[in-house]
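Generate the whole structure from the sequences, applying the supplied hints.
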Amino acid sequence: MRSAWVVLKRELASFFVSPLAYVVLTSWLVWNGVWFWMLTEFYARNAVSSGASTPLSGFFGGSALFFIPLLVFVPVLTMRLVAGEKQAGTIETLMTAPVSETSVILGKYAASMVIWCVLWVPTLIYAWIMSQHGSVDWGAVTASYFGIFCLGTYFMAVGLLMSVLAPTQIVAAVLAFVTLGVLFTVGIGEFVLDGAAREVCAYVSMLGHMQSFAKGVIDTRYLVFDLSLAILAVGLSIGAMKARRHG
Amino acid sequence: MIEVEGLSRLYGSRLAVNDLSFRVEPGEIVGFLGPNGAGKSTTLRMLTGYLAPSSGEIQIDGIDAVRSSIRARERMGYMPEGVPLYREMRVREYLRHRAHLKRVPDVGEAVDRCLELAGVADARTRIVGQLSKGYRQRVGLAEALVADPPILILDEPTSGLDPNQVRQFRELVRSFGGKKTVLLSTHILSEVEAVCDRVIIIREGEKVADLAPGDSETSLEEVFAELTTAGAAQEAS
Numbered sequence: 001m002r003s004a005w006v007v008l009k010r011e012l013a014s015f016f017v018s019p020l021a022y023v024v025l026t027s028w029l030v031w032n033g034v035w036f037w038m039l040t041e042f043y044a045r046n047a048v049s050s051g052a053s054t055p056l057s058g059f060f061g062g063s064a065l066f067f068i069p070l071l072v073f074v075p076v077l078t079m080r081l082v083a084g085e086k087q088a089g090t091i092e093t094l095m096t097a098p099v100s101e102t103s104v105i106l107g108k109y110a111a112s113m114v115i116w117c118v119l120w121v122p123t124l125i126y127a128w129i130m131s132q133h134g135s136v137d138w139g140a141v142t143a144s145y146f147g148i149f150c151l152g153t154y155f156m157a158v159g160l161l162m163s164v165l166a167p168t169q170i171v172a173a174v175l176a177f178v179t180l181g182v183l184f185t186v187g188i189g190e191f192v193l194d195g196a197a198r199e200v201c202a203y204v205s206m207l208g209h210m211q212s213f214a215k216g217v218i219d220t221r222y223l224v225f226d227l228s229l230a231i232l233a234v235g236l237s238i239g240a241m242k243a244r245r246h247g
Numbered sequence: 001m002i003e004v005e006g007l008s009r010l011y012g013s014r015l016a017v018n019d020l021s022f023r024v025e026p027g028e029i030v031g032f033l034g035p036n037g038a039g040k041s042t043t044l045r046m047l048t049g050y051l052a053p054s055s056g057e058i059q060i061d062g063i064d065a066v067r068s069s070i071r072a073r074e075r076m077g078y079m080p081e082g083v084p085l086y087r088e089m090r091v092r093e094y095l096r097h098r099a100h101l102k103r104v105p106d107v108g109e110a111v112d113r114c115l116e117l118a119g120v121a122d123a124r125t126r127i128v129g130q131l132s133k134g135y136r137q138r139v140g141l142a143e144a145l146v147a148d149p150p151i152l153i154l155d156e157p158t159s160g161l162d163p164n165q166v167r168q169f170r171e172l173v174r175s176f177g178g179k180k181t182v183l184l185s186t187h188i189l190s191e192v193e194a195v196c197d198r199v200i201i202i203r204e205g206e207k208v209a210d211l212a213p214g215d216s217e218t219s220l221e222e223v224f225a226e227l228t229t230a231g232a233a234q235e236a237s
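These protein sequence lines map, in sequence, to chains U and L. Reading the first sequence from the start, the letters are residues 1 to 247 in my numbering. Reading the second sequence from the start, the letters are residues 1 to 237 in my numbering.
Derived from the structure by calculation, the hints contain no laboratory data. Hints may be right or wrong, so weigh each one.
[To be verified] Take a look, some chain U residues computed to stay more than 12 Å from chain L by CB distance:
(1) Val24
(2) Val204
(3) Asp219
(4) Gly239
[What the hints assert, rightly or not] Which stretches of chain U does chain L cover? Using the computed rule of at least three CB atoms under 8 Å from a CB of chain L, they are:
(5) 2 to 12
(6) 97 to 105
Note that the Cβ used here is the ideal one computed from N, Cα and C, for glycine as well.
Below is the structure:
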């Protein structure tokens, strides 16, 4: 596991010296800033119909606008993890060092989760701003961030898997975008289908997931889904890395 | 010591390496020679654990490199063809990273030593991506040396070096004679004659010769041309 730590450190060091990191982080904050401003304006102008709804719960669980940047930025952040090494050829030096495929994948996955958290930390300021002008349900805020973390476990794992499978970064990004996009769309089925199909869609639904957490409800079904998918994708990534030697 | 027995590698249905067997004794410097596409890089990639063989055995200092790949890799320094490096890192930072990955006990000392050996100490704080090809090549060599491994596997180590750097490189490799086991692939015949104790020539994945450069009465160039083109001509006719 020491090797995983070494891989993690290099991954983060390289990420934070890349221009990509700052382009993504900046656009991300601009997008969310505008989106949060629109929400506060909306709530300031309109009498709140449902008592539980606040700009913060609207931000975390309000609409598809929350997910659009994620569906784009997550693939961009994960595409380089393994596909970048394949393109640069550095995968050859990496995989001929005395390290296991498991350590490499776990190190890279952990690095991607750190990046995920870095993405979200600045949004804490929204909660602080709200607390300056009214009361904030800190329980719901904590649950929201917990929900975001859980969502990240499988977003990043899916991105990592696509990066392992794809020959180039751009293919990895497209595959991750398509996979997350399909999962997102299936979740929307919650609102248009009936019966068992509706149940399945609700289970997958990113929107439902975040709406539930934004209200402060920690629904274990969503946790089981997030973690199962994350473990599956990371496991498949390790398997695919091992299979690479035989390809 | 490197022992290879009946090594084969298939890419799909194409046989890149076919039933290859050879030994490299401890402290020996062996040249691995062959025309482009003969299977040199594929063989070296199997030795270093990057690719799994389709069949055959590899022993690295008595360790089964197919089953105990990680333990075998601990004993090898490898410089792949084209010397892939993390371009965004600084030279010293990169070597420190590699030393940590290879579980070197005293990283600072190991990095300083390999920087000196490879002749890149003056570039230690520079960013890898901004270095000339010759410097990058030597950073790759420093990386292969950082864990002070008993075995060195070098895939076309002098491509991209200027004549002075080639000479320095050859002196360095010669200085390993008797201390490290070196297997270096190349298609530069003068390189083999300058540094190698023995040469293994392969063609289309098969070994066609295993000789000391001084063995034959004819020059290595003639031997090489004969072994790697005559057969092909025969097959064609």
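Results for each hint:
No Cβ of chain L approaches the Cβ of Val24/U within 12 Å, the least distance being about 16 Å, so the stated non-interface status holds. Every C-beta of chain L lies more than 12 Å from that of Val204/U, the closest at about 37 Å, which supports listing it as non-interface. Non-interface call for Asp219/U relative to chain L: holds, since the shortest CB-CB distance, roughly 41 Å, exceeds 12 Å. Here Gly239/U stays apart from chain L, with its beta-carbon at least about 14 Å from theirs, past the 12 Å limit.
Chain L is given as covering the region 2 to 12 of chain U, and this holds because 6 residues of the stretch bring a CB closer than 8 Å to a CB of that chain, at least three being needed. Coverage of the region 97 to 105 of chain U by chain L holds [criterion: at least 3 residues with CB-CB distance below 8 Å; count 4].
Checked against the numbered hints given earlier, the structure satisfies every one of them.
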